Amino acid sequence: MSTTYGDLRGARDAAQTGSRATRHEAPPEQAVAALMGLAIFGEKVAARTYVAMAEIRDEHAELLRKFAGMEARHGASFLAASRANGVEPDREFADGELGYLIEQVDRYSAERDFDALAILQGFIVESLAIATYEPFLAIADRYPGATEAFSTALADERFHVDWITRYLRLRYFDRTGEFLGLAERVNVQGIDCVGGTLMNIAGHLDQVGLSGADCAAGMLDGYAALLEDVGLEQRAALKNVTTLFAPLLVRYQRERAG
Amino acid sequence: MVPEGPETRPGARGGAHAPVPGDADEPLLAPADADELLLWALMARFERLALDRYVALAPALADAGDGAKRAWVARLDALPTDAAALAASPLAPPTDALLARARSADETAVLLVQGLVLEHLGQAIYRIAEGTERASDASRSLARDGLAASRAVTAAAARRTADAVGSGEDLYRTFTDHTHGVLGALDALADPVDAVFGARFGLRFADVMGEFVADLVAAGTALGMQRRKIVAHLAGACMGL
Chain A
-11 MSTTYGDLRG ARDAAQTGSR ATRHEAPPEQ AVAALMGLAI FGEKVAARTY VAMAEIRDEH
49 AELLRKFAGM EARHGASFLA ASRANGVEPD REFADGELGY LIEQVDRYSA ERDFDALAIL
109 QGFIVESLAI ATYEPFLAIA DRYPGATEAF STALADERFH VDWITRYLRL RYFDRTGEFL
169 GLAERVNVQG IDCVGGTLMN IAGHLDQVGL SGADCAAGML DGYAALLEDV GLEQRAALKN
229 VTTLFAPLLV RYQRERAG
Chain B
-4 MVPEGPETRP GARGGAHAPV PGDADEPLLA PADADELLLW ALMARFERLA LDRYVALAPA
56 LADAGDGAKR AWVARLDALP TDAAALAASP LAPPTDALLA RARSADETAV LLVQGLVLEH
116 LGQAIYRIAE GTERASDASR SLARDGLAAS RAVTAAAARR TADAVGSGED LYRTFTDHTH
176 GVLGALDALA DPVDAVFGAR FGLRFADVMG EFVADLVAAG TALGMQRRKI VAHLAGACMG
236 L
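If you read the sequences in order, they're chains A and B. Using the numbering used here, you'd call the opening residue of the first sequence number -11 and step up by one each time. Using the numbering used here, you'd call the opening residue of the second sequence number -4 and step up by one each time.
The set of hints was computed from the structure by calculation and includes no laboratory data. What you are looking at is a predicted structure, and each value in this text was computed from that prediction instead of being measured. Take the hints with a grain of salt, since some may be wrong.
Pulled from the structure, derived: some chain A residues nowhere near chain B, Cβ distances all over 10 Å [stated by the list, open to error]:
1. 98
2. 242
3. 244
Covered stretches of chain A, as calculated for chain B (at least 3 residues, CB under 8 Å) [unchecked claim]:
4. 193 to 203
5. 206 to 217
In this text, a Cβ means the ideal position worked out from N, Cα and C, and glycines have one as well.
Bound-form chain A, shown alone (with noise of 0.2 Å):
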C-alpha cells in the first residue's frame, strides 16, 4: 500500500516538541524516570482502553474488565518498584508520548470499532510492551522489586496477546483479506505512534543498558508475526509492517546525526 503517513506524522511531531531533546543525551536516571514514567501511565492507558473495549462487547465484558485490572496492577506495581528504587517517574514525558495514542483510542471508541481497538492495544501496544519488558528483565536485577513486577506484567502482556489473536483468528477466518484491510487500517496511526513512542525511548533504553535497536526490532518482528499468526503470510505481515516504521527508523537516525 501507498503510505500516507505525512500527516500523521506532523501530529505527532506537535505532540512532542519537548521530548526530542532528552531522547540522546539524557543522564542514565533521567532515561530511568522517563521509561518508568511511560510504563506506568502506559498500563493505565491500557486498562482505560480495555475498558472501553468492554463497553464495545457485552459477550467480552467480564473478561476484558479482568484485562484492565491487571493492567492497572501492573501499574501500581511498577509505581512501587521505580519508588523503591528512588526513582520519580517522569509523568510529563509520558503525556508527551501517550497523548497521541489516547487521541486514536478515543476516536475508536467513539466509533465502537472494538477491532480496531483489538489490534491497537492487544497487538501494537503489547507488543511495544513485551518488546521492552522481556530484554528488560535481563538487568532488572539491579533494582530491588523490579524483576517481579516486570515479570509478571510480561506473563500478563502474553496472555493479553493470547486472548487478542484467538479472537482475531476466529473472527477473521477465511477472511484474511478483509483482516489484512483493518491491519492497515490501525496501522497507518498506530505504528507511526506506537513504534514513534518506541524511536522515543530507543536512546533511554541504551542509556540503562538496553539495546534501543533490539527492543524496535522486538516491536516490528513481534508486531508481524501477530499478524501471521491471524492469518496474514509473512510476507505481507513484513512489507506493511516495515513500509510503516521505516520513516521512523530514517527519522531516528537524522535526529541523531544531529
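Based on these hints, arrange chain B on the given structure of chain A.
Frame of chain A; chain B shown alone:
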C-alpha cells in the same frame, strides 16, 4: 559530480556481450519522459557496479540465468538515459555515497552486499515499478525484465553463499560485518526518492523498504539466519547504530 567508476561507464566489462534485442512488440521508452529515464539511469548505475563486481569476483553470478545480468545491463545501456540529468538530481549524492560503500573487494562481500542486499533492493524497486499504472508500458516491461534478471542472480547467490560463506549463525556474523555500511546509507535516499519518483510513479522509499525487508528476511532465513536477528540488524543499521 558523478565519480568515475564501473557503474558510471556504459558497457563496462559485461557490456562486451551483445544486448538481447527486445521483443518486436515491446513498447519503446519515450526519450521525452525524463522521470522514467531518470529511474533507469539510476538503476543502471547500481546494475553496472553489480555486474562489474560479479565478473571480477563472483563469475557464477555474472553467468546466472544464461548471463541474464549481462543482458540486462546491456539493455539499460542501450536506453537513451542522461547521466548528466541524474548527476544534477538530488538522487546523485546519496547514490554516490551508497555505491562508494558497495565497492566490494572480495567474493564474500560481493555475495552479501551485491548478491543479497542490493539485488533484493533492486527487486523491490522493480516490483513496485512493474506494478504501478502510473508508469509507461515500456517502463513496466523493463521493470519486469530487470526483476527476472535479478531473481536469476539471487538464486545463484544463495547457492554460492551457502557453499562459500556458510549458513546460520556464522553467516549472520559475516552478513552483519559486511552489510552494515550499505544498509546505513539507505536512509539518505528517502527524501530524494520520494521527491523524484513518489508523485510520478507512486514509488516511495517506505514502500521500497517494506518490499525489501520482507524479501531480505525470507532470503536470510532460507540461509539459516534467524529472522529476529536479521530484523535487528536492519533496524540498527537504519537507525545509524
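**Prompt:** If you check each hint against the structure, which ones fail?
**Reply:** Per hint list: 2 and 3 violated.
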